[in-house]
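Work the whole structure out from these sequences, hints included.
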Amino acid sequence: MTGFNRRHVLIGTAAATVTARPAFAQAPAEIVIGALYPMSGANAQVGVDARNAFETAVDIVNGMHEVALPGAKNAGLMGLGNAKIKLVYADHQADPQKGRAEAERLITQDKVTAIIGCYHSAVSNTVSVTCEKYGVPFMCADSSSPSLHRRDLKFFFRPAAHDEFFSKGMFDFLDAQKASGTKIETLGLFYEDTIFGADSSNTQRKLAAERGYKIVADIKYRANSPTLTSEVQQLKTADADVVLPSSYTTDAILLIKTMGELGYKPKNIVAQAAGFSEKAVFDAVGDKLDGLISRASFALDMAGKRPSITYVNDKYKARGNRDLNDNTARQFMAMLVLADGIDRAKSTDGEKVRAALAATAIPGDQTIMPWGKVAFGADGQNVDADPVLIQYIGGKWVTIFPKSVAAAPAKWPM
Amino acid sequence: MTAQAFFQVLASGLLMGLLYALIAVGLSLIFGLMDVVNFAHGEFLMVAMYATFGLWAIVGVDPVLLMPLVIAFMFVFGAAVYLGVVRFAMRAKTNSGMVQIFATFGLAILIQGVSQLLFSPDYRSIPASWLGGRTVSIGGVFLPLPQVYGGLISVLAFAGLYLLMSRTDFGKALEATREDQGAVALVGIDRNKVFALGWGLGAALVGLAGSVLAIFYYIHPQVGGPFALVAYVVVALGGFGSVFGALAAGLIVGVVESFAAIAMPPAMKSIPVYLLYLGVVFIRPSGLFGRL
Chain E
0 MTGFNRRHVL IGTAAATVTA RPAFAQAPAE IVIGALYPMS GANAQVGVDA RNAFETAVDI
60 VNGMHEVALP GAKNAGLMGL GNAKIKLVYA DHQADPQKGR AEAERLITQD KVTAIIGCYH
120 SAVSNTVSVT CEKYGVPFMC ADSSSPSLHR RDLKFFFRPA AHDEFFSKGM FDFLDAQKAS
180 GTKIETLGLF YEDTIFGADS SNTQRKLAAE RGYKIVADIK YRANSPTLTS EVQQLKTADA
240 DVVLPSSYTT DAILLIKTMG ELGYKPKNIV AQAAGFSEKA VFDAVGDKLD GLISRASFAL
300 DMAGKRPSIT YVNDKYKARG NRDLNDNTAR QFMAMLVLAD GIDRAKSTDG EKVRAALAAT
360 AIPGDQTIMP WGKVAFGADG QNVDADPVLI QYIGGKWVTI FPKSVAAAPA KWPM
Chain L
0 MTAQAFFQVL ASGLLMGLLY ALIAVGLSLI FGLMDVVNFA HGEFLMVAMY ATFGLWAIVG
60 VDPVLLMPLV IAFMFVFGAA VYLGVVRFAM RAKTNSGMVQ IFATFGLAIL IQGVSQLLFS
120 PDYRSIPASW LGGRTVSIGG VFLPLPQVYG GLISVLAFAG LYLLMSRTDF GKALEATRED
180 QGAVALVGID RNKVFALGWG LGAALVGLAG SVLAIFYYIH PQVGGPFALV AYVVVALGGF
240 GSVFGALAAG LIVGVVESFA AIAMPPAMKS IPVYLLYLGV VFIRPSGLFG RL
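Heads up: the sequence lines are chains E and L, in that order.
Oh and the first sequence: position 28 is 27 in numbering that gives the first Met the number 0, straight run, nothing missing.
Oh and the second sequence: position 35 is 34 in numbering that gives the first Met the number 0, straight run, nothing missing.
Any given hint could turn out to be false.
Sample of chain L residues lacking proximity to chain E, with all beta carbon distances greater than 10 Å (derived) [unchecked claim]:
#1 15
#2 56
#3 57
#4 67
#5 122
#6 138
#7 166
#8 167
#9 174
#10 183
#11 273
Computed far set for chain L versus chain E, every beta-carbon distance over 10 Å [as the list claims (entries may be wrong)]:
#12 106
#13 162
#14 164
#15 177
#16 267
#17 279
Listed below are several chain E residues computed to face chain L (Cβ distance under 7 Å; list not exhaustive) [what the hints assert, rightly or not]:
#18 40
#19 41
#20 44
#21 192
#22 194
#23 211
#24 215
#25 219
#26 221
#27 223
#28 225
#29 228
#30 252
#31 260
#32 283
Keep in mind the hints are simulated off the structure, nothing from the lab.
Cβ coordinates follow ideal geometry from the N, Cα and C atoms, glycine included.
Pasting the structure below:
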């Protein structure tokens, strides 16, 4: 085997797959949107769930629904003669370079009006740059790295919060707990080695320094590792008052299993969502997670304040056989925000859609999220995407922070 | 580092190393027998894990008891892969090395795709079993029972393999076939049959590892990748084709990785493993125990 390895074969296969796909004709009455997600590879379930979330959103936009959401009441997009939205899916396999290639294909061959994606921050990073190059709006549904909207991109939009909001929410919560007399002095950071983990931990490190928490473990681990024993051993030795993990699904399962195996029960876990909002994690290790706290953009138990949640969740559940979670709720809402922009643009021209999206003004009660409203700053970030903290108690998520929306006080320690 | 932490890291490394060795030995065996690198080895592991999970879900018996069934299934699966795919790939007149690589690599992609289609990309796990989630503490050093069981199985498998290779006619036929494929035909050994049995044995060994791993690891169509990567390093480090090289190299990789994750940022824990591998390959290209 000279100069030839598995990676070469992979690249060759990917290239063959890309070139083999036929460009397809589109009916003029359809608005084509590209959805770029991991559809195979370690996080393929994320893609499957995202697909169900998008189909639910498109169903609401394309049909007539009596629910307080943008675009629900009319069939199709009013601004474009009741045109229907059609989604084209592409697979990035969590690889930023595959993501970029697929984005180009969606834009040049499928002639998409906009691209929505991409879960992995590292992929959203390359895809948004490609979109910028072609003047096609990129709707960042569910990637939360703060650096994404700080690159002077004109076609980048993110309705949901990023990790600085989320981490700030976490530290506000920790401060509030401390103020009520709980001892919280030390933190343990545990994060994976891509842009998501790096950005998340940077923010947490900064906030910890500002607010006087001591970091006793700062562990950057290799994603999808066969074992995390030594890593968890270090967490155990440090035994921080709160462990703050930033992990995708596979590592989240392994982390919690390994903690159990090494006889380590952390005092508290406050997670940066991602894997910790996935059903698979709770199916696997839910018994060890009672009392886990996670940041979230979404909470099912807010249905009292946002009646549309029940309506949407029922529709989503019928497709995916699971409840909406932090990720799928953001994906659903981002699709509605994008459709609303295209509707108001009355055009599929990239520049016009961009301008319409920049002028978005959706009140919070027209969403399924705890957000104040959806309105983008010059950098494409929604500044009113208030996050919440939710706690996993007795097999259900309960909103615990901020106080204004909390359904119950936090159980502490977990 | 306290003595307790030291022994914890050492024990974890050794247990994981035994499992790495068990995963790798099937790969090494097949390579030694017929100079074919099975690029679908990680997928064999994944199939074994799904087989364990599927049998557990259907029969409802503890994975420990299902092990013989999984091994038998994997033996048939491995032999079928040889008879259905590899046998034909080996017939290529030109560039047969490449043909074999592409055949097994294509097989890997096929198995992944079919698994995702059949089982969905969701992460499965066996939530409760006799051993799952149980752990014993010896002087503050925690030994998870599934891994201890896996280590035990690994040691037994290597002992059994040693007896098989040295004491049985089949072992001698394997040994003779790897020495000289042409000559064995002259003494009446059916090369094809030995190869098919060799693939069956290789797959059964990784099946053994899969049935243990399924108890404490998540299962999904891509689960084999990271383990296969380690297995290739183990095989190359120990020496292509050397069964006991795989055992030694598995333990070395497990322990080095375990301590590296303590000594440096854990994201870089594979670097010492690969450095060690490079060092060995520079000084001794055949690997530690290779006879090439």
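Hints versus structure:
no.	hint	result
1	15	5 Å, violated
2	56	13 Å, holds
3	57	18 Å, holds
4	67	25 Å, holds
5	122	4 Å, violated
6	138	13 Å, holds
7	166	33 Å, holds
8	167	32 Å, holds
9	174	25 Å, holds
10	183	26 Å, holds
11	273	12 Å, holds
12	106	12 Å, holds
13	162	29 Å, holds
14	164	26 Å, holds
15	177	19 Å, holds
16	267	8 Å, violated
17	279	18 Å, holds
18	40	6 Å, holds
19	41	5 Å, holds
20	44	5 Å, holds
21	192	4 Å, holds
22	194	13 Å, violated
23	211	25 Å, violated
24	215	15 Å, violated
25	219	5 Å, holds
26	221	5 Å, holds
27	223	5 Å, holds
28	225	5 Å, holds
29	228	4 Å, holds
30	252	5 Å, holds
31	260	4 Å, holds
32	283	4 Å, holds
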